[in-house]
Amino acid sequence: MVDVIGLMQRCSLYLLFLHLSTFSAHYGSLRRFLLMNMWFLLLLHSLCTSAIWNEM
67 MVDVIGLMQR CSLYLLFLHL STFSAHYGSL RRFLLMNMWF LLLLHSLCTS
117 AIWNEM
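According to my numbering, the sequence shown is numbered sequentially starting from 67.
One should not assume that every hint holds.
[What the hints assert, rightly or not] Ranges between beta-carbon positions, derived for each pair:
| id | residue 1 | residue 2 | range |
| --- | --- | --- | --- |
| 1 | R98 | L73 | 27 to 33 Å |
| 2 | L82 | W105 | 15 to 21 Å |
| 3 | W119 | R98 | 29 to 35 Å |
| 4 | L100 | D69 | 16 to 22 Å |
| 5 | N120 | R98 | 22 to 28 Å |
Because the hints were derived from the structure by calculation, they are not lab data.
Every residue gets a Cβ at the ideal spot worked out from N, C-alpha and C, and that includes glycine.
Produce the complete structure using the sequences and hints provided.
In structure tokens:
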């Protein structure tokens, strides 16, 4: 059986960590931090989606 729920929980843990680190970042470097995180979020999102599709 496909472990989609476990996969989604792992992905949401990464997202939660990113959000927490974003809020704890200083305001001066917040814009650059968000830009770097945006690419990482897109990459993570595509990785999670492709992993789910591969296991189906």
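A quick look at each hint next to the structure:
1. R98 / L73: 27 to 33 Å: holds, 30 Å
2. L82 / W105: 15 to 21 Å: Since the Cβ atoms of L82 and W105 sit about 18 Å apart, the hinted range of 15 to 21 Å holds.
3. W119 / R98: 29 to 35 Å: The hinted range 29 to 35 Å holds for W119 and R98, with Cβ atoms some 32 Å apart.
4. L100 / D69: 16 to 22 Å: Cβ of L100 to Cβ of D69: about 31 Å, so the range 16 to 22 Å is violated.
5. N120 / R98: 22 to 28 Å: violated, 33 Å
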